[in-house]
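Participant: Okay, here's what each chain looks like letter by letter:
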Amino acid sequence: MDFAPTPEQEILRKSVREFAEAEIRPKVQQMDETDKVPMDVLEKMAKLGFIGVMVPREYGGLGMGHIARTIVLEEVGRVSAAMANTLQITHLGISPIASDGTEDQKKKWLPVLARGEKLSTFAVTEPTGGSDVLGIQTTAKLEGDEYVINGRKCFISNSHIAGVLGILAKTGEGTKGLTVFVVQSDFPGFRPGREENKFGLRGCNTGELVFENCRVPKENVIGKEGDGLRIALSAISNVGRPGITCAALGIIRSCLEEAVRYSKQRVLYGKPISELQAVQWNLTDIYMDYEASRLLTYYSAWLRDKGERCDAENAIAKFSACEAAVRCAKKTIDIFGAYGCMRELAPQRLLRDAELLISGAGTSDIMRLVMARKALTLA
Amino acid sequence: MTTCRGVWVFAEQRDRKLMSVSVEMLGCGRKIADKLNTDLTAVLLGHNVKDLADELVAYGANKVYLADSELLTFYHSEAYATIIGELAKKHRPKIFLLGSTSTGRDLAPRVAAKLCTGLTADCVSLDVDEKGQLLQVVPAFGGNVMATVICPEHRPQMATVRPGVMRTPTIVEGRHGEVVKIPVDLKREDLNIKILDVITEAPRVAPIETADVVIAGGWGVGSIDNWRLIEELARSMGAAVGATRPPVDEKWASEDQLIGQSGKTVRPRLYIGIAISGAMQHLVGVQDSKVLVAINRDPNAPIFKTADFGIVADFREFVPTLVEQITKLRSTKDTS
Amino acid sequence: MPPVNSIVCVKPVPDPRYWSELALDPATKTLRREGIPVVLNPLDRHALEEALRIKETFGGTVTAISMAPLTATDSLREAIAIGADDAVLLSDKSFAGADTLATAYVLAAAIKKLGRFDLILCGNQSLDGGTGQVGPEIAEFLGVPHVAYVRKIDLPEQGIARVERGLEYGYMVVEARMPLVLSVVKEINVPRHVSLMRISEAMQAEVRVWASRDLDVDSSRIGLSGSPTQVADLFIPETKRRGEMMRGAPDVVSKLLIERLRELGVL
Numbered sequence: 001m002d003f004a005p006t007p008e009q010e011i012l013r014k015s016v017r018e019f020a021e022a023e024i025r026p027k028v029q030q031m032d033e034t035d036k037v038p039m040d041v042l043e044k045m046a047k048l049g050f051i052g053v054m055v056p057r058e059y060g061g062l063g064m065g066h067i068a069r070t071i072v073l074e075e076v077g078r079v080s081a082a083m084a085n086t087l088q089i090t091h092l093g094i095s096p097i098a099s100d101g102t103e104d105q106k107k108k109w110l111p112v113l114a115r116g117e118k119l120s121t122f123a124v125t126e127p128t129g130g131s132d133v134l135g136i137q138t139t140a141k142l143e144g145d146e147y148v149i150n151g152r153k154c155f156i157s158n159s160h161i162a163g164v165l166g167i168l169a170k171t172g173e174g175t176k177g178l179t180v181f182v183v184q185s186d187f188p189g190f191r192p193g194r195e196e197n198k199f200g201l202r203g204c205n206t207g208e209l210v211f212e213n214c215r216v217p218k219e220n221v222i223g224k225e226g227d228g229l230r231i232a233l234s235a236i237s238n239v240g241r242p243g244i245t246c247a248a249l250g251i252i253r254s255c256l257e258e259a260v261r262y263s264k265q266r267v268l269y270g271k272p273i274s275e276l277q278a279v280q281w282n283l284t285d286i287y288m289d290y291e292a293s294r295l296l297t298y299y300s301a302w303l304r305d306k307g308e309r310c311d312a313e314n315a316i317a318k319f320s321a322c323e324a325a326v327r328c329a330k331k332t333i334d335i336f337g338a339y340g341c342m343r344e345l346a347p348q349r350l351l352r353d354a355e356l357l358i359s360g361a362g363t364s365d366i367m368r369l370v371m372a373r374k375a376l377t378l379a
Numbered sequence: 001m002t003t004c005r006g007v008w009v010f011a012e013q014r015d016r017k018l019m020s021v022s023v024e025m026l027g028c029g030r031k032i033a034d035k036l037n038t039d040l041t042a043v044l045l046g047h048n049v050k051d052l053a054d055e056l057v058a059y060g061a062n063k064v065y066l067a068d069s070e071l072l073t074f075y076h077s078e079a080y081a082t083i084i085g086e087l088a089k090k091h092r093p094k095i096f097l098l099g100s101t102s103t104g105r106d107l108a109p110r111v112a113a114k115l116c117t118g119l120t121a122d123c124v125s126l127d128v129d130e131k132g133q134l135l136q137v138v139p140a141f142g143g144n145v146m147a148t149v150i151c152p153e154h155r156p157q158m159a160t161v162r163p164g165v166m167r168t169p170t171i172v173e174g175r176h177g178e179v180v181k182i183p184v185d186l187k188r189e190d191l192n193i194k195i196l197d198v199i200t201e202a203p204r205v206a207p208i209e210t211a212d213v214v215i216a217g218g219w220g221v222g223s224i225d226n227w228r229l230i231e232e233l234a235r236s237m238g239a240a241v242g243a244t245r246p247p248v249d250e251k252w253a254s255e256d257q258l259i260g261q262s263g264k265t266v267r268p269r270l271y272i273g274i275a276i277s278g279a280m281q282h283l284v285g286v287q288d289s290k291v292l293v294a295i296n297r298d299p300n301a302p303i304f305k306t307a308d309f310g311i312v313a314d315f316r317e318f319v320p321t322l323v324e325q326i327t328k329l330r331s332t333k334d335t336s
Numbered sequence: 001m002p003p004v005n006s007i008v009c010v011k012p013v014p015d016p017r018y019w020s021e022l023a024l025d026p027a028t029k030t031l032r033r034e035g036i037p038v039v040l041n042p043l044d045r046h047a048l049e050e051a052l053r054i055k056e057t058f059g060g061t062v063t064a065i066s067m068a069p070l071t072a073t074d075s076l077r078e079a080i081a082i083g084a085d086d087a088v089l090l091s092d093k094s095f096a097g098a099d100t101l102a103t104a105y106v107l108a109a110a111i112k113k114l115g116r117f118d119l120i121l122c123g124n125q126s127l128d129g130g131t132g133q134v135g136p137e138i139a140e141f142l143g144v145p146h147v148a149y150v151r152k153i154d155l156p157e158q159g160i161a162r163v164e165r166g167l168e169y170g171y172m173v174v175e176a177r178m179p180l181v182l183s184v185v186k187e188i189n190v191p192r193h194v195s196l197m198r199i200s201e202a203m204q205a206e207v208r209v210w211a212s213r214d215l216d217v218d219s220s221r222i223g224l225s226g227s228p229t230q231v232a233d234l235f236i237p238e239t240k241r242r243g244e245m246m247r248g249a250p251d252v253v254s255k256l257l258i259e260r261l262r263e264l265g266v267l
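Protein chains in written order, with this note's numbering: chain A, 1 to 379; chain B, 1 to 336; chain C, 1 to 267.
Treat the hints with caution; some may be incorrect.
With a Cα cut of at most 25 Å, we get these calculated PhoX-like pairs of lysine-lysine [said to hold, decoys possible]:
no.: 1; chain 1: C; residue 1: Lys55; chain 2: B; residue 2: Lys114
no.: 2; chain 1: B; residue 1: Lys114; chain 2: A; residue 2: Lys264
no.: 3; chain 1: B; residue 1: Lys290; chain 2: C; residue 2: Lys29
no.: 4; chain 1: C; residue 1: Lys29; chain 2: B; residue 2: Lys305
no.: 5; chain 1: C; residue 1: Lys186; chain 2: B; residue 2: Lys290
no.: 6; chain 1: B; residue 1: Lys328; chain 2: C; residue 2: Lys255
no.: 7; chain 1: A; residue 1: Lys271; chain 2: B; residue 2: Lys290
no.: 8; chain 1: A; residue 1: Lys271; chain 2: B; residue 2: Lys264
no.: 9; chain 1: A; residue 1: Lys47; chain 2: C; residue 2: Lys55
no.: 10; chain 1: B; residue 1: Lys17; chain 2: B; residue 2: Lys290
no.: 11; chain 1: B; residue 1: Lys17; chain 2: C; residue 2: Lys255
no.: 12; chain 1: C; residue 1: Lys112; chain 2: A; residue 2: Lys271
no.: 13; chain 1: A; residue 1: Lys27; chain 2: C; residue 2: Lys186
no.: 14; chain 1: B; residue 1: Lys114; chain 2: A; residue 2: Lys36
no.: 15; chain 1: A; residue 1: Lys14; chain 2: B; residue 2: Lys194
no.: 16; chain 1: C; residue 1: Lys55; chain 2: A; residue 2: Lys44
no.: 17; chain 1: C; residue 1: Lys186; chain 2: B; residue 2: Lys194
no.: 18; chain 1: A; residue 1: Lys27; chain 2: B; residue 2: Lys194
Per the computed footprint, the stretches of chain B lying under chain C, defined by three or more beta-carbons under 8 Å from a beta-carbon of chain C, are [said to hold, decoys possible]:
no.: 19; stretch: 44–54
no.: 20; stretch: 182–190
no.: 21; stretch: 241–254
no.: 22; stretch: 306–316
These are computed hints drawn from the structure, not numbers from a lab. For every residue, glycine included, the Cβ atom is placed at its ideal position computed from N, Cα and C.
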């Protein structure tokens, strides 16, 4: 059991951290205030390979695995959870094409997506079902060589900036009645709808997608008609959920650094508050949460890199890291006192960002359902 | 080694004016030469600079080696290093001091490598011990660590010193010294390096995060008219201007000039806080400054507890005088 | 114009964010650097960036070279990940304890062994030592010209470099025939970030390691024995603020303040 990072992983972490500090850090406050996605930063990240981390080399990606992706997202998330979420959703949009696409489909979309020429997302959630995937009502009817899609998706990140979108729609009934389609943003009948005004992860674009007789060539089906549920759940479990987890891990890391730094500087009763036990107890709680979340996150990534099915472990990591992120952010605010409530300082933003992560890629309650399936087999 | 003699100082001139640091080196060199019971020699290169030789003697040089040629008008690394290297090989001084200017920091290592000898940069103090060894104290790691360096066997022992670190010696009238003209055999065609142009520019003010000197103003500045004094002082020093929260709120300064917990962290060599009380939110942004100066009317202002130099004064009276002194200093010293 | 081959001298230095953790060994009077993360000297990043830009314009190769402990292979891989074509590490117990002269001597010997080069680029000074001496000393040992404080490089015709050399209040335009050594300042460019695309390549690249026996060097001129200067004492200065209050008439106090600041080398 070797827990040490390889030299390659160390250079990867160092490089992403350096980029995040130089290019993302200056934009964080502005992202939170304006809720605008800094497209120039996304472009830079794309050129350096952040988007194509797991895309195979022959399609223009880095051909790296889940652990490498975790490092990239953790380091981006440490500076901006919103940016990490934007990035990880892009990975999620790419993954069905990479996992279940035909050679032609891969050649058509993967290089373009890996280079960041177009961004991506994966749309499942609708007003009638998010946690309840089978409750979605967007339909796709085959008419000749095209499917005609009608419906609305909501709470989709990258809704207004994605050019190549993975969509889950009903082609029948029941568990074999769902299909994944690739919709390009210039297809007739597709348009982004309202943009949401979120209280956290601001600077990550989240909104509605509207399909009004949207015509999609049948070549754009990923896998076969009816494969949709399997493909979607696999992508969400192995790419979407871990993506959120990494953003949460970045938040916890940020909480730890902010809380320690502040408590060493803040002098009360004649000494830094870091010397007060009560503050130390808070700091150690954050530290424990960080170490635990880190281990769970990297362990599940290691399992995925080995090719093992690990939905339960992915769920444990997501649940733990996201709930821990909220806890740690609150503790950080407590350590900062009134300063923790000021919009100019980080702690309040960390709390707002963390809370948003809980409902992404499966709420904590859904995570428990996934875990339960495994837990019940353990005796 | 026993055949080595003399303390040498590189007399840097620009536009036919002696650089202040060279004069300071003469003062320092004179003290060392006296301790070692040996001569102080100045090495002067330039074009039409003979008058400076007399000035060098007045400041304490027993001898001046003068190389005068059009090729030497401006600092030319190849020409200067060749001439000085040959001179040093011939006359074998014990010690050779240069000012740590853009010239000195370039010339000294080239000469040191020619002579295969030791060189220490940016010394903050120089002295000789009983054995005649030059004790060179230098900062490392940005000043977080100090080292005393010696050059036990190689000669000359070379060192550069920053301007202003040593005191300016007084001129002694009636001093006598020998001016020795050095023939310059170099021809333009022999030189690989060609100087095409020399352009003077007002120094660019670095952004606040990387500026060497930062002047910051606080709530006590009082008005946008008064804020001009802060800006004037900064201009006179080529410094960046920073602010605490209140001046930014009042729009005397912009958001990107905010220094502190919710603004920028700066690490300048010199920070001057004017009419700033010293609340923690601001101080965390400046605590790594090498030298911290505080100017405040209130003797109980917390900032004085964390300052290197504290001046209890109304900045409206103090700052104009400071600006005047600095401007005077700048104009009489090295503007080229 | 034919391709331009560059050699970039890089130095791994302790990460300034961790300098407060540098411990002084009172017995040996040396700094304990183990466990302190290193970074590539920032000005060397600018030198590497300039070399890469020159390569992108004219073609040619960029080789990174460093004299450092064996652990520096990571830093050299970083240089390759940034874009260098290859890297050479000069590492040997006998190189240890070198001052700038002995360091420049070894680097020059390695550069001679590498053979063809048009430009040697260095950062103007390192973050830790900050002497700025190694570049000019390498040039002297190679018998080539050097220009320091370089803030702009143009290659107007084959074999000629035209550069802007910064002064305190302006700059010089200087021209010289290649090969030569150029020490660059940060104003010259904005260094690119490490591209994740190159990390795998960099990890698999061969970093050649040369010891003293691989170089044509005189053992009396390398390492501690080849260093004319020696550290007689090392100490961490008191970081307490002086707390010196100055009182008096404005012109008296301002004169005094200026004097004290100049003495400290900050004005």
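Participant: Now tell me, hint by hint, if it's right for this structure.
Facilitator: Going through the hints against the structure:
1. C:Lys55 x B:Lys114: Not satisfied, since the Cα-Cα distance of roughly 32 Å exceeds 25 Å.
2. B:Lys114 x A:Lys264: The hint is violated at about 51 Å.
3. B:Lys290 x C:Lys29: holds, 24 Å
4. C:Lys29 x B:Lys305: violated, 32 Å
5. C:Lys186 x B:Lys290: Holds, at about 21 Å.
6. B:Lys328 x C:Lys255: This hinted pair holds, its Cα atoms lying about 11 Å apart.
7. A:Lys271 x B:Lys290: With a Cα-Cα distance of about 23 Å, the restraint between Lys271 of chain A and Lys290 of chain B holds, given a limit of 25 Å.
8. A:Lys271 x B:Lys264: holds, 24 Å
9. A:Lys47 x C:Lys55: holds, 19 Å
10. B:Lys17 x B:Lys290: violated, 31 Å
11. B:Lys17 x C:Lys255: holds, 23 Å
12. C:Lys112 x A:Lys271: violated, 58 Å
13. A:Lys27 x C:Lys186: Judged against 25 Å, a Cα distance of about 23 Å means the pair holds.
14. B:Lys114 x A:Lys36: Roughly 59 Å separates the two Cα atoms, so the pair is violated.
15. A:Lys14 x B:Lys194: violated, 42 Å
16. C:Lys55 x A:Lys44: holds, 21 Å
17. C:Lys186 x B:Lys194: holds, 24 Å
18. A:Lys27 x B:Lys194: violated, 45 Å
19. 44–54: violated (count 0)
20. 182–190: Violated: only 0 residues of the stretch 182–190 of chain B have a Cβ under 8 Å from chain C.
21. 241–254: violated (count 0)
22. 306–316: holds (count 8)
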